[in-house]
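Student: Spelled out from the first residue to the last, the chains are:
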Amino acid sequence: MSLTPDELAAVVARDIPPHSYVNLGIGQPTKVADHLDADAGIVLHTENGMLNMGPAATGDQVDPDLTNAGKVPVTELPGASYFHHADSFLMMRGGHLDVCVLGAFQVSAAGDLANWHTGAPDAIPAVGGAMDLAIGAKQVFVMMTLFDKKGRPKLVPACTYPLTGLRCVSRVYSDLAIIDVGPDSAKVRETFGVTVEELRKRLDVPLT
Amino acid sequence: MIAESVDEAVAGIEDGSTVLVGGFGFAGMPFDLIDGLIRQGATDLTIVSNNAGNGDVGLAALLKAGRVRKVICSFPRQSDSYVFDELYRAGRIELEVVPQGNLAERMRAAGAGIGAFFCPTGVGTPLAEGKETRTIDGRDYVLEYPIKGDVALISAHRADGMGNLVYRKTARNFGPVMATAATRTIVQVTEVVSTGGLDPEAVVTPGIFVDRVVRVEARNYTVQGAR
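Protein sequences appear in the order of chains A and B. When the letters of the first sequence are read in order and numbered with our numbering, they come out as residues 119 to 326. When the letters of the second sequence are read in order and numbered with our numbering, they come out as residues 139 to 365.
Honestly, the hints are just simulated from the structure, not real lab data. Each residue gets a CB set at the ideal place from its N, CA and C atoms; glycine is no exception. You may find that some hints are simply not true.
Unchecked claim - In silico SDA-like cross-links for lysine to any residue, where the CA-CA straight-line distance does not exceed 20 Å:
| # | chain 1 | residue 1 | chain 2 | residue 2 |
| --- | --- | --- | --- | --- |
| 1 | B | 208 | A | 240 |
| 2 | B | 286 | B | 251 |
| 3 | B | 208 | A | 243 |
| 4 | A | 256 | B | 179 |
| 5 | A | 268 | A | 123 |
| 6 | B | 202 | B | 179 |
Claimed, not checked - Among chain B residues calculated to face chain A with C-beta under 7 Å, some are:
| # | residue |
| --- | --- |
| 7 | 225 |
| 8 | 306 |
| 9 | 315 |
Please put together the full structure from these sequences, using the hints given.
Tutor: Here's what the structure looks like:
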């Protein structure tokens with residue numbers, strides 16, 4: 119069986135090493151936080167200036183001065199710290215984060231990422247921290263469905279959407295397979311309800 | 139240093155100014171100073187901020203009043219950015235989209251007296267088109283220039299009589315960087331303490347970067363939900 123979004127989030131969480139500093143992108147990747155082992159010492163970074171971010175705030179916990187990158191109210195865990203935006207992005211760009219998990223429109227077999235702009239002429243471009251995150255963390259995991267709603271592959275020989283970063287993705291976590299990408303091309307690590315042979319037929323990317 | 143009113147604090151902002159506006163969404167948004175700027179009347183402004191306004195308040199109200207010629211930001215498009223969206227689609231406002239870290243670092247460079255810097259963010263993407271690139275130690279970089287403000291409008295938590303500032307939680311965001319990057323930095327706070335009333339070890343923005351402080355009432359602004 120292919121993975122549900124929650125199951126996929128659990129699989130990503132399983133692969134994050136203990137004591138990592140991690141940034142979870144807006145949208146699907148945020149769900150990974152729900153599956154992290156609370157005793158593993160994993161520290162979440164949010165681009166708007168905080169380390170050791172806690173879960174979403176509820177009720178009286180809601181504080182308008184404390185939000186995540188999606189501008190949703192969150193909480194702080196013991197040992198949290200706050201810092202300004204230049205320091206926050208220095209943590210990404212300077213390679214201080216161990217893992218970041220991002221969504222994507224497309225990933226190329228070589229690890230190029232397209233996740234900020236569909237290229238539609240009437241779309242208002244908005245990049246946020248996507249480009250900084252893509253090139254900064256030691257490992258960049260992408261979490262996405264392997265095919266779009268029209269059945270077209272999102273793991274592609276070359277991205278057709280505007281790029282977010284070149285050769286920056288290390289691994290794709292999808293509903294059908296976990297696939298390492300990079301200079302040595304795509305390597306399937308694990309499949310869910312599908313065989314590698316079936317994936318080869320549906321993807322225009324050589325798989326090993 | 140301490141202004142008696144918001145109107146006094148924002149007096150003298152000239153038409154055509156580049157105004158750095160703090161905040162990440164509503165957190166750290168200097169609502170009262172922006173309202174003061176609307177009353178003050180300066181127009182043809184270039185606004186540098188992470189977003190391009192939310193709802194009808196703060197930055198969105200300034201845009202709606204027709205005072206802004208250009209927005210330099212990282213993330214204009216949001217579920218409640220309808221004021222900006224309409225102006226943009228009507229061709230009535232210019233937009234420069236900058237990766238969020240570059241936005242911060244370009245202002246940091248301005249405040250630090252750095253003439254330009256090579257940055258790996260955006261290499262090979264549409265946002266680096268036409269920009270000078272260089273390979274250093276095998277890695278590719280794009281040349282980025284500082285963004286300097288004529289004025290910075292920021293919100294902090296507490297100030298003393300020297301203009302030293304402390305912030306609160308993630309409302310800090312762009313404040314400390316913008317404070318360094320403008321010719322004139324104007325700060326709204328909810329509390330002013332006497333000089334000596336802040337722990338020097340805890341000061342985030344030293345008063346040298348601050349020109350004017352005004353105390354405002356704490357505002358119970360609506361928290362946005364998920365986008």
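Student: Find the hints from earlier in the document that the structure breaks and name them by number, from lowest to highest.
Tutor: As far as the earlier hints go, 4, 7 are violated by this structure, in ascending order.
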